[in-house]
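Chemist: For chain A, the structure is supplied; the task is to place chain B on it using the hints.
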Amino acid sequence: MAKITFETALKQLEAIVKEMESGDLTLEQAVKKYETGIEKVRYCMQILDSKEKKITQLTRDLDGSLTEIPFEHE
Amino acid sequence: MTDHKTSRIYSVSHLTREIKNLLEEQFPFVWVTGEISNYAAPASGHSYFSLKDAGAVINCVMFKNQKRALKFSLENGLKIMGMARLTLYEPRGNYQLIFEHIAPEGAGALQKAFEQLKKKLGDEGLFDPVHKQPLPYLPKKISVITSGTGAAVRDIIHISLRRFPGCCLQIFPVAVQGGEARDEIVYAINTVNHLCQADVIVLARGGGSLEDLAAFNAEPVARAVFASRIPVITGIGHETDVTIADFVADVRAPTPSAAAELVLPEKTRLVRQITDMQSAVTLAMTQKLGFLHQKVDDLHSRLKSPAQVMATVRQTIETCFFRMQHALNRRMLHSKDKLSWISQAFFRETPGVSLQQRQVADLKKELAFAMKTRFEGHTNHISRAAASLTALNPTSVLDRGYSIARTIPGKNVILDAETVAVQDLVEIILSKGRILTRVEKKTDGKDHI
Chain A
0 MAKITFETAL KQLEAIVKEM ESGDLTLEQA VKKYETGIEK VRYCMQILDS
50 KEKKITQLTR DLDGSLTEIP FEHE
Chain B
0 MTDHKTSRIY SVSHLTREIK NLLEEQFPFV WVTGEISNYA APASGHSYFS
50 LKDAGAVINC VMFKNQKRAL KFSLENGLKI MGMARLTLYE PRGNYQLIFE
100 HIAPEGAGAL QKAFEQLKKK LGDEGLFDPV HKQPLPYLPK KISVITSGTG
150 AAVRDIIHIS LRRFPGCCLQ IFPVAVQGGE ARDEIVYAIN TVNHLCQADV
200 IVLARGGGSL EDLAAFNAEP VARAVFASRI PVITGIGHET DVTIADFVAD
250 VRAPTPSAAA ELVLPEKTRL VRQITDMQSA VTLAMTQKLG FLHQKVDDLH
300 SRLKSPAQVM ATVRQTIETC FFRMQHALNR RMLHSKDKLS WISQAFFRET
350 PGVSLQQRQV ADLKKELAFA MKTRFEGHTN HISRAAASLT ALNPTSVLDR
400 GYSIARTIPG KNVILDAETV AVQDLVEIIL SKGRILTRVE KKTDGKDHI
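Going down the list, the protein sequences come from chains A and B. Residue 0 is where the first sequence starts when you use numbering that gives the first Met the number 0, and the numbers rise one by one after that. Residue 0 is where the second sequence starts when you use numbering that gives the first Met the number 0, and the numbers rise one by one after that.
This is chain A alone, in the form it adopts within the complex (with noise of 0.2 Å):
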């Protein structure tokens, strides 16, 4: 699957629910529809869960540079 953002991945699957409650498709069409949802139900929760917990904070350094580095909170 081309890398699509995640709201593109979730309209497509709203679409493909739609059309499948419809039931206006042939078996073979039903099928490809519901592999491709399933896709796209994996590769929504993919992106959910993908993300760790990440919190940063941009430094600038004597030089100029820009470091990345934890930020501590609480």
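Covered stretches of chain A (in silico footprint by chain B; criterion: 3 or more residues with CB under 8 Å from a CB of chain B, positions within the stretch not fixed): (1) 8 to 22; (2) 25 to 33; (3) 36 to 49; (4) 56 to 70.
Taking lysine to aspartate or glutamate and the DMTMM-like style, the derived pairs with C-alpha atoms no more than 20 Å apart in a straight line are: (5) Lys-53/A to Glu-265/B; (6) Lys-287/B to Asp-23/A; (7) Lys-294/B to Asp-23/A; (8) Lys-363/B to Glu-375/B.
In short, the hints are calculated from the structure, not lab data. On a predicted model such as this, the values are computed, not experimentally measured, just so you know. From the three backbone atoms N, C-alpha and C, an ideal C-beta is built for every residue, glycine too.
Modeler: Coordinates of chain B only, in the frame set by chain A:
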């Protein structure tokens, strides 16, 4: 001690009243500027506070009626300028300022500059909705430009983690007030754009006075926000605070916390949405398959193999055959029964029938004999007649050389020459064949040859 007698002796009340009169005459109305501290607002609705500067402090009060006209709230640290009456509160011997009107210090000039800049940038189109970029639905990385310390950054981190555990926040600490603030914010916006890692910028600051928010009303900050290719959401001050940066930003949130809520969707809701849709497609698929299965089963049960068809036909034929045979047998039995019944009945009713039968047989024999005799008689007679008839046959006469002449037309046998005229057609029948002639001449009379 001697001075006591020469000097006038005041009672405390008297002296206090004299001082009060003196103060109130000297300062009927004064304009005062200073910073609020020890602010207290008891249930009475009046406000009590101190007004101070670097060197001194004065007790102040503002009564409920006058407070109604204020468009902002009094709080500690607020620098104000106001008009007051100076008075002395005799029971305590305190002098105090009773404020009639208060305005934040410097508000006039700042407000004017704010309005001017707002109009200028507005005229340039920096606030136009066409320039507003949509926020990403699910940002991969959020750049937070705010003070590295303080409530704003804490609130943003807290709310972000609550809404979307595992989100990616990049804090870009900047001064949010004071001389450096403006340039640092501009630098931060430009840098985040340059790095191009984040897909949304949160520009935030906690609440403060108009002066505290000055950097967010500065033109360079407004232009940096406008120039940002990455969408900017502002969460500056309290809900009532509106800055120039808010107008230019792609989205304005009333507070830093609200900005965090707008920028991140709730993970649990998204997960639920996706799992719901997963169930929906699975259910739809299962239903579809079930339906098709049923349909195939149904059609399969209705689909008949040729062998089956043949068997059915054979069975039908056999059934018909048996029924036919049965019906025939029954019919025959029935007829036989009926016949035997009738014959029995017949013989029961006519006991003399056997005698009569014999008589009939005898009569039949007699009849046959009589018939035979008669028949033979007739046969002889017929033979004789036939012989005579043969002798009389005209054809035998013709065989002997005679012929028959007949008129044409009419076919009458000509016996007398009188019956024909010269030139009439005559047909002559010979033993073999016929001749058609014309009468040339005729002779009358009895003579023949």
